[in-house]
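Participant: Listed below, chain by chain, are the residues.
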Amino acid sequence: MSEAPAEVKVAAPAPHDRPRPDAPAERLARWTAGYAPLPGLPDELVADDGTLRPAWDRFLRCLAGLPDCEIAARLAAAGRHIHDTGIAYRAYGETTERDWPIGALPLLIEGAEWQGIAAGVAQRAELLEAVLTDLYGDGALARAGLLPAAAAAGDPEFLRPLVGVAPPGGRHLHFYAADLARGPDGAWRVLSDRTQAPSGAGHALENRLVMARALPEVYGALEVERVAAFFQAFRDGLAATATREDPRIGLMTSGPYSDTYVEQAVLARYLGFALVEGDDLLVRDGMVSIRTVAGLKRVDVLWRRIDGDFVDPLELNPASRLGAPGLVEALRAGAVAMGNMPGTGLVESAWLAASLPALCERLLGEPLRLPGLPTWWCGDPAQREAVMARFDALAFRPAAAPAQGAFTSRAFGEGRDAAETERLRAVLRDRPGDLVAHEPVRLSTAPVWDGTRLVPRPFVLRVFAAATPEGWRVMPGGFCRISETPDVRPVAMGVGVRAADVWVLSSGPTAAQATLLPASDRVAVRRVPGLLPSRAADNLFWLGRHLERAEAVIRLTACLLDGAGAVSTAEEDRATSARIRSLLHAWGAVPSVEGAAAELAQHALSDGGQWGSGLSHALSARRNAASLRERLSGETWRALSALHAALEAPADGTDSEAALLDRAERALSLTAALAGLAQENMNRAGGFAFVDMGRRVERAVNACRFALDFGGAGASTDDLGVLLELVDSRISYGARYILGVALAPVRDMVLLDPYNPRSVAFQVERLAERLAGLPSLRQDGVAEAPARLVAGLMGEIAGAEAATLPLETVAAWERRLWAIAEAIGARYFPGGSDAARPETLVTLA
Amino acid sequence: MLYRLRHLTAYAYRNPVGFARCALRLAPAAGEGQVPLSHEVVVEPAPRTATERGDFFGNRTVSLTVETPHRDFRIDARSRVRVERPPLPDPETGLAWEEVRARVLGGTGLGPAAPLHFCAPSRRVPLLPEVTDYARASFPAGGGAVAGAFDLMHRIRADFTFDSEATEVGTPLAQAFAGRRGVCQDFSHIMIAALRGLGLPAAYVSGYLRTLPPPGQPRLEGADASHAWVAFWCGEEWVGLDPTNDIGVQDDHIVVARGRDYADVAPVAGIIAGSGAQSLSVAVDVVPEEEDA
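Chains Y and U, in that order, are what the protein sequence lines are. Reminder that position 509 of the first sequence reads as 509 in my numbering, one-by-one numbering, no gaps. Reminder that position 203 of the second sequence reads as 1048 in my numbering, one-by-one numbering, no gaps.
It is possible that some hints are incorrect.
[As the list claims (entries may be wrong)] Selected chain U positions facing chain Y (Cβ under 10 Å, derived; list incomplete): (1) F864; (2) C867; (3) S908; (4) E937; (5) G939; (6) R946; (7) G951; (8) G956; (9) P974; (10) T977; (11) Y979; (12) L1043; (13) G1093; (14) G1115.
FYI, nobody ran anything at the bench for these hints, they're computed from the structure. Heads up, the beta-carbon is just placed ideally off N, CA and C, and yes, glycines get one too.
Isolated chain Y, as found in the complex (with noise of 0.2 Å):
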């Protein structure tokens, strides 16, 4: 097929445009200049008779409004929005985050064609609904030959223990998502149901928070429907779930390790869940509980986003190490309602394709809306001779969900090679009922602006449904993913591909109703409630341990550079100097007390391979950081970032002193703006006492380290000078005493002195005060052990005389301070001894 490109036509601009009538109407014809639609696929940007659609008439004659520079800033700042916000996605099996691609233009929808769409998406999410309740209970569709059961029972995501489950809420799907793409006749139809888990309503919410900032005014102008009122939706209907009032509803992560996990803490942040892991959930007594610092909270509801054969060691598959054992018993017995139930994986099957058309007419009476690719089920003998007729035009793929199965998960596409025809002969002569033949895919085209002009590209468009009370709810937007190729084959999620918003324009009636909902989808629906898992607290405790040390450490380094500046090579210097390079020693920050002052620096701040160096412990921050994403704020992510950069090497290697100095500097800065953001932002219900106590228990043990170091009976005043220089307290000291330093007062500055933020008293005062604020287990009103260790260290402090204070004193409360660290950890995180909490999970033989 080798038509010629459409030429696209564009109205000659109105005479009226004023003042400067020329300027958008030339923009708008050179941008779609030569856009050429790819032969015989449909094209959103450009109808079949090469005028364009009015949407994207619409949207264009907005956008030329702006000059193509001010276009591509505002898309560039779009992307660093996504940037520094750290949206960010995995591809399967990297341990590294990577930025959101976004930068497209919005993929436009007119009111009347979504309302075709959102009718078939919320009619096939009935029918999969239907077809599980069947599959799970009495097996009729497969005895009445409308499904094949062989495929059914062979399928991995075919879960056993959940047949005859009845689901609690009623229903075993509740999100659903549809991956569509236009067909050669340019209408809509399904390439993948998503029943599993689906993916990506986060980043759409994202997407649209990002691209309503980035083009307001062409936003504002085109009536685009919100979809906040969608999430509200989702939420109810989920609560509607539960038999409780008021109930509380858990987001079942896949752990900061999978590829969405951020998008599950941008959702569990903008709807109110709580982000649970399988360890942070406790199954007993008939009862689903959180793990969390208050002791076992409840839980009502579950929004699985884990696959459903991993919610249960002991019931489903053995080497999950995602869910709680008891989970599935606890369904069983109606004690949790999840969403969706385990197994609705099932339906996502490709052999059930075939039949979709005839169980739609069976279950609902009526002919499916929204088709999917023609397919036929090769374990059926006529399908099969069909197949084999046109054997080389077709595509297979699996029949099953992939994750099991006689061969590779890929699709065996076009172009395969003779090895791959003899595989895929073999199956089909042993197992043919473990493949399903389709006709190959060819995705439809949507204009992506490539800086300056408009080029086609093709996409597939994800749209979400939830269930309500009042039926099914179909999200009016979505997740689009554009090519960055003209490869029309299937795209997957992965380089060269990415994201759109969707936006769905408001026409006629549904114009007014719109405006019955939030004005604004920056609306949140709900405020994270003040339950704190003990695995976040864990987390949160440790972020503020490590960015207290990594502080420690540059302060140390600045030291060490601002000495070895110093022209004077007195006995006194080379001493403290000595004293600096042991201490970044034993910390691990420098392979060798020998070298270099700035080679030394070097190490502390910059080397990854040192585990105790600055940039290491930034690191370790971010990785905390990571678990926490929806309790930590934008800024307090940007700020992480930036230290992270602050500490990294420069990419050739060489830094002398100053520079050195420098970085450590800037890195000292985003170390404080940290503690700022933590002090002022942080929501004091979602766990500011744990970042506040890691902080405070690190900044006190080291300030008793470097009084042993640095605050001896022999100190020199280099050492006194340095031990004021690293506790931050020089100018206070300054202030303070006008005759110089001095071993008694600069020891009660470090130690004892209650009004010096940097001593160790002020630490230990903070330290009992957050206890304080936290929730106890004892019923007796006796304090727990954190807060009587912490008791008893403080009043001793207070008894303390600096002139009088033996250096074994210090050395006792640094060593008592680690046990206040232990006995937090103890109580408060997974892995102490208190009996509620998690386990090593050793499976029996």
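Mind docking chain U on chain Y? Use the hints.
Facilitator: What follows is chain U alone, placed relative to chain Y:
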């Protein structure tokens, strides 16, 4: 034949365990020539909750939780069962194996007894080209299904070595197949994978063998522990085949549970709250009783 069974499982943990959740499948099955007469399980420490139900395949399953801190965990199961199976089908009769495969693919029932549950790969039984190719020699075009299955069993027994040191409970099938050694679990998984690779239904059966053979016969492998074998669907009925001993299943075998593989029928599965090493000891006694006159 009337049997008295005792299956004692004892775990010893280095560190105390505060919480355990277990599923037990220890009761002899009813049907297909078996009549359970009694079954009793004693668990120490005493469970806090215990419920019994049938799993998807109809195997009796006891779910229990233990909340008493313990270092020793004992499960003592005692049963009496009568076994009188019909004779094995004649390998020279019955359907061609291709016909069995076609019937299963066209099956419409999803009930627990339907053979189509036992054709697909499962957790412990991946389908591997080398194992499927191994099976082909036993199933020439148009050959009988039962004859093919018996031939496959003979070949496995001839080609593989029983070796309790070679594998563990978690050894992957591919490794046992490549090494040509293993125990009853490996033999059974390999035979199941071979049959399923050709689209034939095969189930994993857990149970027991009588401890002492009848006078004049050799003692069989697997008699002092829980045993496992294969049930093959020949198009009309399930045929028990024990590839470890190269015999058809008759009255010396006592069926406890049937599933797709070991993961479906493990006699004791569970998860404990604790850390540190554990050791396991299992003792099985299968003693024929004098029939009352």
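Participant: So, for every hint listed, does it hold in this structure?
Facilitator: Outcome of the hint check:
no., hint, verdict
1, F864, "holds, 7 Å"
2, C867, "holds, 7 Å"
3, S908, "holds, 6 Å"
4, E937, "violated, 25 Å"
5, G939, "violated, 21 Å"
6, R946, "holds, 9 Å"
7, G951, "holds, 7 Å"
8, G956, "holds, 7 Å"
9, P974, "holds, 8 Å"
10, T977, "holds, 6 Å"
11, Y979, "violated, 13 Å"
12, L1043, "holds, 6 Å"
13, G1093, "violated, 26 Å"
14, G1115, "holds, 4 Å"
Hint compliance for this structure: hints 4, 5, 11, 13 are not met, and every other hint is.
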